[in-house]
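Following the hints, put chain C in place on chain R, whose structure we already have.
There are 2 protein chains.
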Amino acid sequence: MILNGSNIIGFSDSRQSGESFYAVNPKTGQQLNTAHVQATISEVNTAAELAESAFQSYRKLSGMKKAKFLETIAEEIENLGDSLIEICMQETALPEARLKGERGRTVGQLRLFAQLLQEGSWVDARIDFANPNRQPVPRPDTRQMQIALGPVGVFGASNFPLAFSVAGGDTASALAAGCTVVVKGHPAHPGTSELVGRAINQAVKKCNLPEGVFSLVQGPSIAVGQAIVRHSLIKAIGFTGSYRGGKALFDEANKRDEPIPVYAEMGSTNPVFILPEKLKQETPAIAQGLKNSIQLGVGQFCTNPGLTIVDGSETAKEFEQLLSKEVEDLVSATMLTSGIQSAYESGLQKFKDKTTVSSLSQGKKGDDETQGVPELLAVKGKDFLADSELEKEVFGPSTLLVQTEDDKELLQIAKNLEGHLTATVYGTENDLKANEELLAVLERKVGRLLINGYPTGVEVCHSMVHGGPFPATSDSRMTSVGTAAITRFTRPICYQNYPEFLLPEELKTDNPLKISRIINGERQ
Amino acid sequence: MILNGSNIIGFSDSRQSGESFYAVNPKTGQQLNTAHVQATISEVNTAAELAESAFQSYRKLSGMKKAKFLETIAEEIENLGDSLIEICMQETALPEARLKGERGRTVGQLRLFAQLLQEGSWVDARIDFANPNRQPVPRPDTRQMQIALGPVGVFGASNFPLAFSVAGGDTASALAAGCTVVVKGHPAHPGTSELVGRAINQAVKKCNLPEGVFSLVQGPSIAVGQAIVRHSLIKAIGFTGSYRGGKALFDEANKRDEPIPVYAEMGSTNPVFILPEKLKQETPAIAQGLKNSIQLGVGQFCTNPGLTIVDGSETAKEFEQLLSKEVEDLVSATMLTSGIQSAYESGLQKFKDKTTVSSLSQGKKGDDETQGVPELLAVKGKDFLADSELEKEVFGPSTLLVQTEDDKELLQIAKNLEGHLTATVYGTENDLKANEELLAVLERKVGRLLINGYPTGVEVCHSMVHGGPFPATSDSRMTSVGTAAITRFTRPICYQNYPEFLLPEELKTDNPLKISRIINGERQ
Numbered sequence: 003m004i005l006n007g008s009n010i011i012g013f014s015d016s017r018q019s020g021e022s023f024y025a026v027n028p029k030t031g032q033q034l035n036t037a038h039v040q041a042t043i044s045e046v047n048t049a050a051e052l053a054e055s056a057f058q059s060y061r062k063l064s065g066m067k068k069a070k071f072l073e074t075i076a077e078e079i080e081n082l083g084d085s086l087i088e089i090c091m092q093e094t095a096l097p098e099a100r101l102k103g104e105r106g107r108t109v110g111q112l113r114l115f116a117q118l119l120q121e122g123s124w125v126d127a128r129i130d131f132a133n134p135n136r137q138p139v140p141r142p143d144t145r146q147m148q149i150a151l152g153p154v155g156v157f158g159a160s161n162f163p164l165a166f167s168v169a170g171g172d173t174a175s176a177l178a179a180g181c182t183v184v185v186k187g188h189p190a191h192p193g194t195s196e197l198v199g200r201a202i203n204q205a206v207k208k209c210n211l212p213e214g215v216f217s218l219v220q221g222p223s224i225a226v227g228q229a230i231v232r233h234s235l236i237k238a239i240g241f242t243g244s245y246r247g248g249k250a251l252f253d254e255a256n257k258r259d260e261p262i263p264v265y266a267e268m269g270s271t272n273p274v275f276i277l278p279e280k281l282k283q284e285t286p287a288i289a290q291g292l293k294n295s296i297q298l299g300v301g302q303f304c305t306n307p308g309l310t311i312v313d314g315s316e317t318a319k320e321f322e323q324l325l326s327k328e329v330e331d332l333v334s335a336t337m338l339t340s341g342i343q344s345a346y347e348s349g350l351q352k353f354k355d356k357t358t359v360s361s362l363s364q365g366k367k368g369d370d371e372t373q374g375v376p377e378l379l380a381v382k383g384k385d386f387l388a389d390s391e392l393e394k395e396v397f398g399p400s401t402l403l404v405q406t407e408d409d410k411e412l413l414q415i416a417k418n419l420e421g422h423l424t425a426t427v428y429g430t431e432n433d434l435k436a437n438e439e440l441l442a443v444l445e446r447k448v449g450r451l452l453i454n455g456y457p458t459g460v461e462v463c464h465s466m467v468h469g470g471p472f473p474a475t476s477d478s479r480m481t482s483v484g485t486a487a488i489t490r491f492t493r494p495i496c497y498q499n500y501p502e503f504l505l506p507e508e509l510k511t512d513n514p515l516k517i518s519r520i521i522n523g524e525r526q
Numbered sequence: 003m004i005l006n007g008s009n010i011i012g013f014s015d016s017r018q019s020g021e022s023f024y025a026v027n028p029k030t031g032q033q034l035n036t037a038h039v040q041a042t043i044s045e046v047n048t049a050a051e052l053a054e055s056a057f058q059s060y061r062k063l064s065g066m067k068k069a070k071f072l073e074t075i076a077e078e079i080e081n082l083g084d085s086l087i088e089i090c091m092q093e094t095a096l097p098e099a100r101l102k103g104e105r106g107r108t109v110g111q112l113r114l115f116a117q118l119l120q121e122g123s124w125v126d127a128r129i130d131f132a133n134p135n136r137q138p139v140p141r142p143d144t145r146q147m148q149i150a151l152g153p154v155g156v157f158g159a160s161n162f163p164l165a166f167s168v169a170g171g172d173t174a175s176a177l178a179a180g181c182t183v184v185v186k187g188h189p190a191h192p193g194t195s196e197l198v199g200r201a202i203n204q205a206v207k208k209c210n211l212p213e214g215v216f217s218l219v220q221g222p223s224i225a226v227g228q229a230i231v232r233h234s235l236i237k238a239i240g241f242t243g244s245y246r247g248g249k250a251l252f253d254e255a256n257k258r259d260e261p262i263p264v265y266a267e268m269g270s271t272n273p274v275f276i277l278p279e280k281l282k283q284e285t286p287a288i289a290q291g292l293k294n295s296i297q298l299g300v301g302q303f304c305t306n307p308g309l310t311i312v313d314g315s316e317t318a319k320e321f322e323q324l325l326s327k328e329v330e331d332l333v334s335a336t337m338l339t340s341g342i343q344s345a346y347e348s349g350l351q352k353f354k355d356k357t358t359v360s361s362l363s364q365g366k367k368g369d370d371e372t373q374g375v376p377e378l379l380a381v382k383g384k385d386f387l388a389d390s391e392l393e394k395e396v397f398g399p400s401t402l403l404v405q406t407e408d409d410k411e412l413l414q415i416a417k418n419l420e421g422h423l424t425a426t427v428y429g430t431e432n433d434l435k436a437n438e439e440l441l442a443v444l445e446r447k448v449g450r451l452l453i454n455g456y457p458t459g460v461e462v463c464h465s466m467v468h469g470g471p472f473p474a475t476s477d478s479r480m481t482s483v484g485t486a487a488i489t490r491f492t493r494p495i496c497y498q499n500y501p502e503f504l505l506p507e508e509l510k511t512d513n514p515l516k517i518s519r520i521i522n523g524e525r526q
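Residue numbers (my numbering), protein chains in the order written: chain R, 3 to 526; chain C, 3 to 526.
Bound conformation, chain R alone (with noise of 0.2 Å):
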């Protein structure tokens, strides 16, 4: 498949502004040769029209159309073959096996929503019987299931340009929902959105859906993102990001006529709290895993742990010293764009500039400017308590060592967190059953608790929660990640008295889905 530059809307290319941008390779610093077309308002309304056009039947497929669809993107995903990882390569600086590992996570949760539409209970179908004997009033036959909110808006996210991105969790489930689906590309990676747009629409016409079901706008205008938030026909919003894109796109929702929800994951510290028995046991391996966790995709994921509390004994201070050595030997990499870079810099420099932080060691530098230096930094429990700032993120291969002074300092910082993604908590047995109001108090700062690993890596599986409270999202009560994140894009419906030939197959009483429901209360 050839690059061509156009946006994509419903079935046609569009280049209505004439206005060009290019990708940048972040290694070379060098223009790519395609000429991306800036999209226009006028390209988001038909967009947008054509997404509610196509809604009104898309959202009374089958499950099983559905899940067709969603392997059949997958399949056109996977012809793409080589192009797809080289040009996102040159656009991300992110390595070949990355980004095969990513394809593979991006066709995988588009089939893993395929088998939760073939299984078909997702939609929580409730039935309750009518009663016409019941006092003093009948009871009326009541069902109730889940349906699609209507077209959605979803902006790619610079981290993750397969998985993330056009075709992405948030694409997939709004996909799955039953939504059409109106995507903005990220800036920095047009070329690999345009081949997967390009894919999904060849899977909407394998399919014979209807033109629509899918649209793509490309390029940096921040009106565009915002005409896309604005347009009354567009129900719901996916976007992965900075807390500044992340909460701007929340107020302009809130601000419409008709207020719609915004599914914004903003960044998070990711804290990980390391207590005193694991670590004296297990030093070095902590240390190092620590290190590999940090280093991850030179430190440009979303779970990245920017934080590391430690206690103030001697072997927090041997610790320190073993992780500054393995911060020390790594080799920076290039990093996505080189406004991340420079952003990641000066938020380091931020930190640096106050008394109070100090930094530890710094990996070696290579010759290419956008490469991200790992670098470690501390501050005291008590300097930190002081200066919400250090909480901030700082999106790169870094993290700031907390030293606390004792067990309550530790609690003080774990009660003081503002709303993260993920929390970590490394312990023996007996440190975990000394520290249980930690836990307590970190269960609700945060969408996922993990004891005794590294929150880089995101399972998507049936019990992932990738969220939390504000500010790490905008809504804390879904997920961006796992098959719950088809629920953003849904809302219950009820039908009451309704004749069997008007129901749909999920309610109808002899259940020829054969999926779970619960009936009169009880689940069957």
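Keep in mind the hints are simulated off the structure, nothing from the lab.
Note that CB positions come from ideal geometry on N, CA and C, so glycine has one too.
It is possible that some hints are incorrect.
[Claimed, not checked] Below, a sample of chain C positions facing chain R; criterion: calculated Cβ distance under 10 Å:
| # | residue |
| --- | --- |
| 1 | ILE4 |
| 2 | PRO142 |
| 3 | GLU260 |
| 4 | PRO501 |
[Claimed, not checked] In silico lysine-lysine, DSSO-like type, Cα no more than 30 Å apart, as pairs:
| # | chain 1 | residue 1 | chain 2 | residue 2 |
| --- | --- | --- | --- | --- |
| 5 | R | LYS435 | C | LYS510 |
| 6 | R | LYS319 | R | LYS257 |
| 7 | C | LYS510 | C | LYS67 |
| 8 | C | LYS447 | R | LYS70 |
| 9 | C | LYS435 | R | LYS257 |
| 10 | C | LYS67 | R | LYS62 |
| 11 | R | LYS249 | C | LYS510 |
| 12 | R | LYS447 | C | LYS510 |
| 13 | C | LYS510 | R | LYS282 |
| 14 | C | LYS435 | R | LYS510 |
| 15 | R | LYS257 | R | LYS447 |
| 16 | C | LYS67 | R | LYS417 |
[Said to hold, decoys possible] Stretch by stretch, here's where chain C covers chain R in the computed footprint (C-beta under 8 Å, at least three residues):
| # | stretch |
| --- | --- |
| 17 | 43-50 |
| 18 | 127-134 |
| 19 | 171-183 |
| 20 | 311-317 |
| 21 | 442-456 |
Showing chain C alone in chain R's frame:
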């Protein structure tokens, strides 16, 4: 139990402001005897702090213990005996039979949530077991369930002084979820609120729960309501009332440093579409049923059918005459407050001032000033389409009959509708088959769709949806009636690699609670 007019802040009677307000008997216009004390912002702060403190243990309470608590509240409300009904009659002018029924509904929904907790599967437990042999990386153990959001603010509704007030659906579902509650009682029925509030605190004490699980602040102050929504320890809001009130709370909540969910049920006109064959077959029965539904509770139900859409046939004219006659024969009754009565009157007048709207008939007006006189208005379909004001709720015992020219106009009316709680279609099998597009359109506009029934009378059960797209509610993804309402006050959490001894009972491997769970993607 004797009223003393205090606010109930945790276990204390609180009378900080010294400013009194009085309930008014709407039948007589006379103030009732009890001097109720207007709550202060400082009392809200104390209530929120107590709610937060109590939440730390209350949220961890087992389902069985929470169930016992809800059942004890139900018993304590029943123990209030006739004194509750008497005070409530004085404050609301609702008849004894209705209030006894509503009390039954109130204790019934507390007991239904108790059953839900005893059964236990509502937490949506999901387990994906570890797979250390998976390639390229091992699969960790992850387990998900719903946990409580935090202290909740509940605003009592005027029109359900028991079932959607101090111990109503919002409070019951929040307490069931594991949240503590600060209620702002509706100022029209402070005595009812105080009695029920004391009953709840009796139950808190009997069940040895901590102070702060429940507090009640009273009075008409808007600032006090805002203080609840703005308080950083309050994590969600339940509200039933006007669009203006609900939208103001929604906006306030989104302006917070940490935005919180607001579940505001803000009114609805509940359109009823009557299709020709059915109308022809059952003209008098439909007219009579509709009249009853309009008049139920003096039209002060959220699901009151304020819009009735018919075609322009001879049968429809006959129906119009029959319905006019039915409404003429209705006897007016006292509304909840003089404010509601005058808003009803001015709302009708605003419609009648339009040259496009005619008044077909009125019920008989009694002597009492606060009575709402039933009224039937009519408008042509094309005039209705041209004037979006006519879709707005006029809270009270009236309906606007929309006379359409043809199927196309009827469908256009459906397409133009905003979000409503319900829509109803009257039709024979032939009618319904000929109007599938109408049903498909309405499905996107409402939370509940009825065939051949009346929207008033909202069943409290597992499959009910009392909700719907904006502006009917501020969050279409939820219901405020029925057991699914519990999820308004919860969010998912994932425990990764947790040792058995730390896992909640719901997620332990051997399933001690014997609840239905999703294990490795399969319902068990």
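*Determine which of the earlier numbered hints do not hold for this structure and return their numbers in increasing order.*
Failing hints, ascending: 1, 6, 9, 10, 11, 17, 19 and 20.
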